[in-house]
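From just these sequences and the hints, can you work out the full model?
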Amino acid sequence: MFERDTDIYCNRDALREDYQPDELVGRDDELNRYKTALQPVINGEQPNNIFLYGKTGVGKTAGTRFLLDHLVDDAAQYDDIELTVKMLNCDGLSSSYQIATRLVNKFRNESNQISTTGYPRSTVYSMLWDELDKYGGTILIVLDEVDHINDDSILYQLPRARANGNLSEAKIGIIGISNDFSFRDDLSPKVKSSLCEEELQFPAYDAQELIEILQQRADVAFHDDVLDSGVIELCAAYGAKDAGDARQSLDLLMKAGDLARDRDTETITENLVRDAREELERGRIREGISGLTQHGHLVLYALITLEQQGETPVRSRDIRPRYTSFAEQISVDPLVPRRMRDHLGELSMLGIISAVERNEGRRGGTYRQYSVDMDVNMVLTALEETITEVGVHESVADKFDQDTTLGKYT
DNA sequence: CTTCCACCGGAAGATGGGGGAC
DNA sequence: GTCCCCCATCTTCCGGTGGAAG
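Here the first sequence is numbered in this note's numbering, starting from 1 and rising by one per residue.
These are calculated hints, taken from the structure and not from any lab test.
For lysine-lysine, the following DSS-like pairs were computed, each having C-alpha atoms within a straight-line distance of at most 30 Å: (1) 86 - 106; (2) 134 - 171; (3) 35 - 192; (4) 106 - 192; (5) 192 - 134; (6) 86 - 192; (7) 134 - 86; (8) 35 - 55; (9) 241 - 55; (10) 171 - 192.
Listed below in structure tokens is the structure:
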């Protein structure tokens, strides 16, 4: 049934996000400054708290891993340094409480984990101080995607734990990583001053740097002569256009490789890259849509039908009746307008729809006009798929079945 | 320059579902 | 069971906003 592909890859893993190259391309300045900021650790001093910011896929996490690995190795040479590094990705964790429980578990062994709910908050904190003190020495805590935390509490407590007498043995340093620029500004001044002792900004990669990165990985990942000329440049160009995001460019190259493998072609062409891009886009939309609630689906569906009738761009006020009637058809209470706007906002965050602000002054006021940003049929397919597949909202699924011809609404 | 429109978006808090400790 | 706490979703309330009309 299965047989080994005659493969264009020699090491597909080199394109994956978690692959760690021996050398990071295009981040020399940033890494040098980062290294300086970490220097106190080696000197056995109280470590700096460091705050890194920059958009996604610009090497923040990779750079951190890279430097900290070296730091751990190098620290081992000095007898008087006990260094512990713990990394925690805060994605999906929205509160300080959640962070605290995960941290406690990071320091405890498998058999001794605590549950992530149920304890009073203060109990969790004191467990955390106990664990930290038990380890002692220098402890670096990396909080990746720290902007997902909605309250300051842990960010306030951690850097001050020693000063507040919660810790006596351990010297801790916090490294916060964020891709949300406004996060830093929204921190309370107390937290900002302690957390952001050292700040490093990682700028987006330009097309040239992306080419170098892709080249470096492609050399490892593919056999010689598999890539047509221009393929790397094209992947880099797409990445640079979107956000200077290396991860995205690498994903694209990998997807193109996978397509080549599926189709049994021997080389990767520019056309394959374009197909891959479309495929990734489709995946992104599906994923976005499947994460929506029932009302999200209804709002989207309402907008789609309007789009098909050529009534877009359309303001939220004019979407509402359509949405309301859909909701009523499936016997669901429609949401209040404010909430409906939230859903529209969410959809435009996902890039499925787009909003343009308009202002007609005294007689019109300010409002937004929405339209579907992606290919309507693609969105519709994804919508139908998730609704039937997930099986959640049966009533909505029925509705879609009845309505195979959307023209009904005209 | 002021007025005013109609939506925007932040804030607070209600509701209901969950999970676990003790 | 009772107590603690988390979380997503939604409602209610309301001050903010930018630019055409006056």
